[in-house]
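As they're listed, the protein sequences go chains A and B. Per the numbering used here, residue 1 is the first one in the first sequence, and the count goes up by one each step. Per the numbering used here, residue 377 is the first one in the second sequence, and the count goes up by one each step.
Be aware that one or more of the hints could be misleading.
Keeping only pairs whose Cα atoms sit at most 25 Å apart, straight-line, the calculated SDA-like set for lysine to any residue is [what the hints assert, rightly or not]:
#1 Lys68(A) - Ser33(A)
#2 Lys232(A) - Gly689(B)
#3 Lys84(A) - Ala678(B)
#4 Lys194(A) - Asp621(B)
#5 Lys232(A) - Asp697(B)
#6 Lys460(B) - Gly295(A)
#7 Lys194(A) - Glu114(A)
#8 Lys460(B) - Arg113(A)
#9 Lys232(A) - Lys460(B)
#10 Lys460(B) - Gly110(A)
#11 Lys232(A) - Gln688(B)
#12 Lys579(B) - Lys68(A)
#13 Lys84(A) - Asp621(B)
#14 Lys570(B) - Lys68(A)
#15 Lys570(B) - Gly215(A)
#16 Lys194(A) - Gly215(A)
#17 Lys460(B) - Asp83(A)
If you want the footprint, here are the derived chain B segments under chain A, 3+ residues with CB under 8 Å [to be verified]:
#18 403-410
#19 420-433
#20 646-660
Note that these hints are calculated values from the structure, not bench results. The C-beta atom is built at its ideal place from N, Cα and C for all residues, glycine as well.
2 protein chains.
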Amino acid sequence: MTGAGDLAPARLIVEAAELTRFTAASLRAAGASSADAAVTADVLVAADLAGVESHGVARLRRYVEGLKTGDINRDAVPEVVGDKGSVCVVDAHNGLGQPALCTAVDLAVGKAREYGTSAVMVRRSNHMGIAGWFAERAARAGMFAMVSTNAVPQVAPMGTSEPMFGTNPFCYAVPTAGGILCFDGATSVVSRGKLEQLDRTGKPMQTGWALGPDGRPSLDITGTVTGLINRKGHALLPLGGGEADHGGHKGSGLALFIELLCGPLAGARWSRHTYRGGEAGLGHFVFCLSLDALGDPGAIAAAAASLAREVQGAPGVDPQDPVRIPGERRHRFTRARLDHGIPVLESVLQDLNDLAELVGIGPVATVEHDLPAPQH
Amino acid sequence: MTGAGDLAPARLIVEAAELTRFTAASLRAAGASSADAAVTADVLVAADLAGVESHGVARLRRYVEGLKTGDINRDAVPEVVGDKGSVCVVDAHNGLGQPALCTAVDLAVGKAREYGTSAVMVRRSNHMGIAGWFAERAARAGMFAMVSTNAVPQVAPMGTSEPMFGTNPFCYAVPTAGGILCFDGATSVVSRGKLEQLDRTGKPMQTGWALGPDGRPSLDITGTVTGLINRKGHALLPLGGGEADHGGHKGSGLALFIELLCGPLAGARWSRHTYRGGEAGLGHFVFCLSLDALGDPGAIAAAAASLAREVQGAPGVDPQDPVRIPGERRHRFTRARLDHGIPVLESVLQDLNDLAELVGIGPVATVEHDLPAPQH
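Pulled out of the complex, with its shape left as it was, chain A reads as follows (with noise of 0.2 Å):
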């Protein structure tokens, strides 16, 4: 019943479809509609999947209390209000994220059908997991598409330690003849859950990952994660870190690009202002082009298939350890948890029961005999 590893933690196996039963549950008792339950534990279990555990049912809790304190308004209908041409505009009126950007993404698809192209921007909503989930969705339609999310403020540009972009995703995904290629990653060098889940196993920090309050770099990999949930004047640095020598600048760049269109381009709020007064007042976008559009969608497919195998049958620098394409170890991930169930973390599984006992509904159910563990 234990993972791999000595200081790995003990964890419980639960099946998908067992997990995304509970979660759907407790959200739908906490007061979410049984649709807007569905999709959000959708891209949460599929985040526990694909071994992202950070964003997958891990986060439970505060969608939960969220919907019960009425931090997130438990009654929202993603509005359209605004629609012109390719573009639309929603309102997620402060409701769960999943509902909204699946719609945003179901419109966007449709828009793209019509007229090749579309963008569809979200405002006032919140969390909303993966935003691969999402992308996927699109490429399934025959998208290449983009989408992202603005989020708290962690991630210090380069040149200040004050905390002004989220994580803010860096996400596309395009069907190709050996299937979808998604890519899914944060702007910042590394996640808050990264370093929440090495801190678990007690492996160390690295210098050119996050600043602490006196703006120098911060090694306590403890502290660090304390400082950013409880907002106390950590930052996390952007992808080249926090000096130009190494593209701090370029991944800065980065980070702005997305803060840009999910928040000022979307009406929706940005950076410092996210999560004031009981309102995340998150906002996220959705961009898909249609292969269709482009030309023939089966030589485009192919097309970028061979530039996929291209690239992982380049020489690997460790001949153990081949060259990867995004999306890879995620798919793998997932096809194994489907297969052989997810492996929950005993202090998780222990405060998805807390919430169950909280609304009023059964624990979850988990595996008797410990199966197979996906290989990393």
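With the hints as your guide, set chain B onto chain A.
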């Protein structure tokens, strides 16, 4: 007549109008049409104005020689070979990259005015200078724009030492109430042009920038520059470097984003297939999103300016060095150099005058007196 710093090589001052006139005259004398020569000269000199000399007239020889040998088709007229809703595909017919991409930007702006969003892809093209020039052109027309290109492979994705991607710039521009904000940066940690510049001034190479033919970090700056030019097994590293710990997989995913769009999606060549058989076969892409389609463009531009001002106003790690927003340095350079002239390296000037002789035009006129240099 010398620049700042002991190691800075000698430079002569040329007025921007004269450098543009000379560049256009050289291109015309090499066979380009007046219109193609004019836009190409504008884009090249814009790089020199902005302090991005690696993309400026120092590259003119390759253009002139390409036109003369026929490697670049002097008679090419960009042709719209696909036009479906908001999407166009342009065949550059192996002509100069600048006129082809300029055509694409103008098409994209027109389409986005009509539909709200647009994408225009260019295939069978050549080097096109700085992406920022094109993104700013679209932003001046009220667009949030992305522009990029692929290029000769010089960047090794994480996990291999084989160059698979061009330096593939990530570039966007947006109109704000405080002026156009434009980010334009290679998706490698450093560009080859930056290495050449450091090499000329005797500055050292850093680990995490490039690999040698043995797949290990290269610290030999001259050897790396030569190796990259001659394709002798050197490779630049993607933003984030060669290791996952600092996000090398993210930089790789970003470079792949551009290679996918400019190669397979544009119907152009990609990666190691570029520059084969006397034709570069490069691809470019333009995305436009009209602020008009999103709502009140004035309000959006004001919000974008607020975000930019807040970032600039964040307390600096070094109080003497305020936080910069993308494009600030380039705009400052451009203002100063429009007023006071462009310092051009003596070696570059000599090369320009050799070119002039080759194509039978007069030399570049330099300014007699040394003008104040802009502050870096």
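Check your understanding: For which of the previously enumerated hints does the structure constitute a violation, in increasing order of number?
Key -> Structure breaks hints 7, 9, 12, 13, 14, 15, 18 and 19.
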